[in-house]
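Residue numbers (this note's numbering), protein chains in the order written: chain H, 1 to 392; chain S, 1 to 279; chain D, 1 to 281.
What the hints contain is simulated information worked out from the structure, not anything from laboratory work.
Yeah, the Cβ is synthetic: ideal placement off N, Cα and C, and Gly gets one too.
Among the hints, erroneous ones may be present.
What the hints assert, rightly or not - Label-pair ranges, simulated between beta-carbon atoms:
{"hint": "1", "chain 1": "H", "residue 1": "P360", "chain 2": "S", "residue 2": "F255", "range": "51 to 59 Å"}
{"hint": "2", "chain 1": "D", "residue 1": "R275", "chain 2": "S", "residue 2": "P74", "range": "54 to 62 Å"}
{"hint": "3", "chain 1": "H", "residue 1": "D65", "chain 2": "S", "residue 2": "H80", "range": "51 to 59 Å"}
{"hint": "4", "chain 1": "S", "residue 1": "E209", "chain 2": "D", "residue 2": "K169", "range": "32 to 40 Å"}
{"hint": "5", "chain 1": "S", "residue 1": "T142", "chain 2": "D", "residue 2": "T274", "range": "32 to 40 Å"}
{"hint": "6", "chain 1": "H", "residue 1": "D65", "chain 2": "S", "residue 2": "E209", "range": "36 to 44 Å"}
{"hint": "7", "chain 1": "H", "residue 1": "D65", "chain 2": "D", "residue 2": "F248", "range": "24 to 32 Å"}
{"hint": "8", "chain 1": "H", "residue 1": "D341", "chain 2": "D", "residue 2": "F248", "range": "37 to 45 Å"}
{"hint": "9", "chain 1": "H", "residue 1": "G334", "chain 2": "D", "residue 2": "L204", "range": "52 to 60 Å"}
{"hint": "10", "chain 1": "H", "residue 1": "S343", "chain 2": "S", "residue 2": "T45", "range": "53 to 61 Å"}
{"hint": "11", "chain 1": "D", "residue 1": "T274", "chain 2": "H", "residue 2": "P77", "range": "53 to 61 Å"}
{"hint": "12", "chain 1": "H", "residue 1": "G334", "chain 2": "D", "residue 2": "F248", "range": "42 to 50 Å"}
{"hint": "13", "chain 1": "D", "residue 1": "L233", "chain 2": "H", "residue 2": "K128", "range": "53 to 61 Å"}
Residues per chain, in single letters:
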Amino acid sequence: MKAQRFYRFVAVACIALLIAFASAIPAAEAGLKGKSVKVGVIVPLAGPAISWGQHSLLGAEIARDEINAAGGIGGIPLELIVEDTASKSDQAISLARKLAEQDKVLIILGPILSSACEMVFPVTNRMKIVAVSPTSAKPGVSAKNRPWAYRNNLTSDKTLGPALEKWVKDNNIKKAGIIYDSSDAVSTGEGAKVYPAFFKKFGVEIVDSLTVQKKDIDFSAHITRIKAKNPDGVALAAQAEQAANIVREMRRQGLNIPVITGVECANPLFIRTGKGDVEGVWTASASWAGNPDPKVKKFVTKFMKRKDGEKPNSGGFKSYDSIYIIKEIIEKYGVTNDPKDLSKDRDRLRNGWKNVKNFPGVSGLTTINEVGDGVSMPAILCVKSGQWVAAK
Amino acid sequence: MLGATYSLVAIGYTLIFGILNLLHFGHGEVFMIGAFIGLQMVLLTNCHIVIAILGSMVGAALLGLIIERVSFRPIKKEYHLAPLISTIGVSIILQEIGTRIFGGDIVGFPKTIRLVIYKIGPVQVTSVHLFILAFALMLMITIHLFIHRTKVGIAMRVTAENATNASLMGINTNRIVSMTFMISSALAGAAGVLVGLVYNAVSPFMGTEMILKGFTIMLLGGLGNVMGAMIGGIILGLMEVFSVAYLASSYKDAFAFGIMIMILIFRPTGLFGTRLHEE
Amino acid sequence: MFSSYIESILIFNGIHIIMALSLYLPFSAGQISLAQAGFMAIGAYASSVMTLFWGFPFYIALFLSGLLSAMTGVLVGFPAIRIKGIYLLLLTLAFGEMVRVFFLNFEFTGGASGMGGMDLQTNFVNVYTIVAILIIFFYRLSKSRMGRAFESMREDELAAEVMGINIVKAKLLAFGVGAFIAGLGGGLYAHYVMYIDSPKFGFLLAVEFFVFVVFGGMEIFWGPIIGTTLLTLIPEVVRFLKEWRMIFYGLVIVVLMIVRPQGLIDKKLVDDITRYAKKLF
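Bound conformation, chain H alone:
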């Protein structure tokens, strides 16, 4: 009895202390130095990757506007300095240098494409500034560039595991076929490594593995061939519109077996291209626009209003969250924003990113793992009446 009371007292005391500290910290810190908190953004705003760039930029802009409407960070507004790579990955190198040295930003959000990350991360590592990619999903890219490279995105191998397990079990898959785009780095990783590894683990026999190319538009021969092997299900890895067209061709040829797709497909484009034919297709994603969570709903509504009714893809979610994580780190880790402290502040941000744990955002609870990739519980999704919903 007595011990219990003592513990309760300690608990209350702790909470009281915490509250006292929590209110004391902003007071002590009130007001960062300088005119604004500068965050650099490197995104493609022209060329083939434009869609990812626009969504990621808009996600970050919505976060910026919310933060600034609520008084900014430490009393000064957040400023995004946006640079366009025009989908040319090597341009990102010059831009990262510009942002770090000319604009003296605290941190860089981007780049978007994995190939650009491969080029930029070694550069930012050398300049000792954090770069956070909201989208890159190619396994191993941030692991190579410790300690300044971060990706607030789950790599494809980690995302797909749980979904594949459930898919195999629920649909009783014994024999599976694989079709993947061998001209795309992420899709090749999924189709040639992730799927075979997990299928082996779950005891699924792979009856056939076929490849397509980015610009292919006719898949009838692929499907005819895979149909002849009589699989129980098909695992796809390709860009959304292409994967959707492969599914359409399957349905056209009357191959109505379960399908699971890679992380590239967890967006509205897949459903828009596939129409009714992609009903029942599975995938996995850390963030999805149909999430009933009110926070997500609010964000999706705002996003759609500013993008003519378009729902955000994962880039939008992840960069929105990333900006809020940056805000939290600046407030928590004593970033001063004093030009004299620039290198110290950048190091504080690196330390902050390393220690992100269970950050509650629009893409679930985010934790940064030991290789610098954001881990969050991926949702297992399936298409139902033209929407991505949680697969049951």
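Could you slot chains S and D onto chain H? The hints should help.
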């Protein structure tokens, strides 16, 4: 199936190359804009797909005319590479305009044709595919008749043989050049809508790939040979489909380019010979 | 000397100049080539394999990969002996694409996932030293027997042959040396960006180099140098135009081709400038 749409694009290349001796790098972008015009017509006015195709043909023809006036006619004729480079400039501009107006996202066509599946032996064909094939063939026959039977068509062929002689014979070569651009562009516009229909995805970057395909076909059929382009397109379409079954798809492209090199080395006139002049 | 942003842009510019000059060499002998991106890829991959897997010193790797590229260049040059004009353009385009597809599927160099982890070896000094050497080379070439042979071949191949120029040798030489220069460019590129993947070296890149050369002018080697520099810097300088900058870039190309179809710099302009300069001093 798709081969027929490739043919449409390649005929455009062939006409422009045959008559103007110009590799038109902006042609793929005309194809893309054509697809978007068709898509927007269906989305906005909910019109029949045939009307949308005709609309996009008109739109693309106008675009072709503008391209000709802006980037071909003002350039002096004795410089062969300058117009080629200016069409590259045009293609950059068109692609950017495409992304600005239509957004960078890929858009799909709404269902316009009722999907019926026909079985012919082991092959399954949908109504969409049949429609595309029929429409493309019809356009090809029209263009063939146009070139061989009408006065303008004959004038075009004469110009292709020798522009100076043609103008001496009283043919307004400037008008013929404009006509060529317009007809080629109209075909590309139609092809854009048809490809958009079957693939159900229209994006501002769909033109770039078409340039390469168009070149390959043009070469396959013989530079400047309209009939060759038609058959070449269908061959490439078939090759793309069947190579999957017998070759790894990743090597398919290498295969296609290998054929291209072989043809260039051993039979530079193409499989069907070059009707129009050689450089 | 400069901020590292400017330095970075200048390094890319230097690599582009090297690539444009590699295209200009066969060009000056009347050989149009869209294969330079392919040669660049060979140089980039070969040099990376040598430094990364085999531990070769950078400059030796750079030179050897240039030689490898030159050997492939000569191979491409053989069919080019017979083929001319647009046909050659298409042949070289097909070759470049085959190189791209090859590296896309070649697992030894990473296949579709690319190749990374090279050391940063390329810097302002070594890039522009090579550019300077090339300028001297092209200057000497333009005054040499071979240079004049190239020029006469460009003007009229038949006449050149009649005059006793060994066309076969000249063409193979032009292709081979051009490919060597492109291989150097590729090696420098790979050791600057530190990650290469095959889609980068597609036909659009070859077209870009082609535009650089024709834009600048093909009569004299200053053309590609000035053309490249302008077209590399314009998109950077007009960044304030935001999403309209690429349209501006396209417009510049079209307008220049209308106003100066022979390219920005031609012999006459260079002569005028020299005369003017002489008068001045």
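Which hint numbers doesn't this structure obey? 2, 5, 9, 13
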